[in-house]
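Position chain B against the provided structure of chain A, taking the given hints into account.
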Amino acid sequence: MIHVHDLVKTFGEVKAVDHISFDVSEGEIFAFLGPNGAGKTTTIQMLTTLVAPTSGTIALDGIDPQQHPHDVRRRFGIVFQDPSLDGELTAYENLELHGVLYHVPKRTRVERTERLLKLFELWDRRDGFVKTFSGGMKRRLEIARGFLHTPKILFLDEPTLGLDPQSRNQLWTHVKHLNETERVTVFLTTHYMDEADRVAHRIAIIDHGRIVAQGTSQELKAQTKTESLEAAFLSLTGSTIRDERADAADQMRQVAKMWRR
Amino acid sequence: MSAIYILWLREVKRYSRSRAQIIASLGQPLLYLLALGFGLGPIFEKAGQGSYLQFVAPGVIGMSVLFSSIFSGIGLLWDRQFGFLKETLVAPVPRLYIMIGRTFGGATVSMIQGTLVIVICLLAGFRPQHLSSLPLAVLFMTFIAIVFAALGTTIGSLLQNMQGFQLIMNFLVMPIYFLSGALFPLNNLPVGLRIATRINPLTYGIDGLRGAFVGTAHFSTATSVAVMSVVAVVFLMLGARSFARIQV
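In the order they appear, the protein sequences are chains A and B. According to this note's numbering, the first sequence is numbered sequentially starting from 1. According to this note's numbering, the second sequence is numbered sequentially starting from 1.
In isolation and in its complexed conformation, chain A is listed as follows (with noise of 0.2 Å):
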């Protein structure tokens, strides 16, 4: 369903992703591990049309993202790491609103939207305004969108961050609930790899824009041995920290959570 071959890409001299190849299955949930920095939401954007790479091929259902973006778009949801719903529309607008963007028939709009936000737990407060909801259901909001419009493949750009456990868990089961019913692909990055493991299928691992490991967790933790997809981890990309230069998205996104409270 994903393929990608040798895809590079550099921002002047710093290479964010360094050639780098996998491919993703249908139906499979596949997961993005890597610390900050490590090119994950490069490599998103890059799928999913919103940057161009420097070098190498990308087919998304057999498409190319360049050369034809519309046919991609329509092929995938995504849920990008910072919210991107509108506040001041209600829930129910939301999904409205997306709907018609892609071009979903009115009558299946509706009968899913029901049904997402039904099943989202957000059906109540479909009339409620945004900006009004908490975190954790503005984010299963996001989520019921990416799902609306029928895609081939999800893209999950760290969904959990700054979720509780309750939350976090409760998420998961719906998108394991989605790939298991809907066949849908899902591409997952995450800080935490308690729910790569409990979720993912196959498992990437990405530092200083290479794939360092890739592989079941089983077969991660085999490789590396140790006992847990955590170690594996820090055992493939060391245990230094990485400080991440604070580029002009990161900044919009410290404003955003000021103005948000």
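No wet-lab data here; the hints were simulated from the structure. All of these numbers come straight from a predicted model, not from anything done at the bench. Any given hint could turn out to be false.
Claimed, not checked - Each computed EDC-like pair below joins lysine to aspartate or glutamate, with the alpha-carbon atoms no more than 16 Å apart:
hint, chain 1, residue 1, chain 2, residue 2
1, B, Lys-13, A, Asp-127
2, A, Lys-152, A, Asp-61
3, A, Lys-131, A, Asp-82
4, A, Lys-131, B, Asp-79
5, A, Lys-138, A, Glu-93
6, A, Lys-138, A, Asp-82
7, B, Lys-13, A, Glu-93
8, B, Lys-13, A, Glu-88
9, A, Lys-176, A, Asp-197
10, A, Lys-176, A, Glu-26
11, A, Lys-131, A, Glu-93
12, A, Lys-152, A, Glu-28
For chain B alone, coordinates are given in the frame of chain A:
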């Protein structure tokens, strides 16, 4: 088309829900109208120019359309900060449609705002002479709304964050307003001011509006319509171009 409509609707919904903001944004035009309209009225009349209130009301209406259209365009910055922009940029919709939906939504909102100011002007004693030319007045309000919503979209696409906002306000929006003939007649101006007003698109918008409302225009209606049409097309193209280049 439905994408354009839903984004247009979003702008209108957001506006109609911000009641407090609507009231607040009526304060400034009201102040201009009352302080200048009545404050400068006696001098203006002595100079043999007639009623200043009649003169300045179209300028104040134009101002409110200018401000709300340009800010609706710059509202793009908020969407960037609150993340909603990305949702529209990964949607399978051409960016041109997104830009058009937003810009026309913003233009619609500023038309509503302008209409509210017309009501205030009427309450303050403003009396349009030709009710038959009301459609022409609406046409000029539409021109101002589209031209400056498109300009706002261009600025919103180019700015990365809110820090440039004050700069835009002081060095672009206020000069456009003050150098437009909204507050003073366009004849017998010093050379510098004369040039500045002639190259300012708002001048033609407000002059056209004044011609429609009170029948005392400096330029001919045809000139103003021609200038505003050309500027509208150019600014829409600029807006589309810069919006298409936004990097997330």
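Evaluation of the provided hints:
1. Distance restraint check for Lys-13 (chain B) and Asp-127 (chain A): the Cα-Cα separation of roughly 14 Å lies within the 16 Å cut-off, and the hinted pair is therefore satisfied.
2. With a CA separation close to 8 Å, the supplied pair Lys-152 (chain A) and Asp-61 (chain A) stays within the 16 Å bound.
3. Proximity of Lys-131 (chain A) to Asp-82 (chain A) is assessed by CA-CA distance (about 14 Å); at most 16 Å being required, the pair is judged to hold.
4. At roughly 14 Å between alpha-carbon atoms, Lys-131 (chain A) and Asp-79 (chain B) fall within 16 Å of each other, so this suggested pair holds.
5. Taking the CA atoms of Lys-138 (chain A) and Glu-93 (chain A), the gap is near 14 Å; set against the 16 Å cutoff, the hint holds.
6. The hinted pair formed by Lys-138 (chain A) and Asp-82 (chain A) meets the criterion: a straight-line CA distance of about 11 Å does not exceed 16 Å.
7. For the hint pairing Lys-13 (chain B) with Glu-93 (chain A), the CA-to-CA distance comes to about 10 Å; that is within 16 Å, so the pair holds.
8. Taking the CA atoms of Lys-13 (chain B) and Glu-88 (chain A), the gap is about 9 Å. The hint holds against a cut of 16 Å.
9. Between the alpha carbons of Lys-176 (chain A) and Asp-197 (chain A) the distance comes to roughly 13 Å, so the proposed pair stays at or under 16 Å and holds.
10. Of the supplied pair hints, the one linking Lys-176 (chain A) and Glu-26 (chain A) holds, its CA atoms being roughly 14 Å apart against a limit of 16 Å.
11. Between Lys-131 (chain A) and Glu-93 (chain A), the direct Cα distance comes to roughly 13 Å. Compliance with the 16 Å bound is thereby established for this hinted pair.
12. A threshold of 16 Å between alpha carbons decides the hint, and for Lys-152 (chain A) with Glu-28 (chain A) the separation of about 11 Å falls inside it, so the pair holds.
Of the numbered hints stated above, none is contradicted by the structure.
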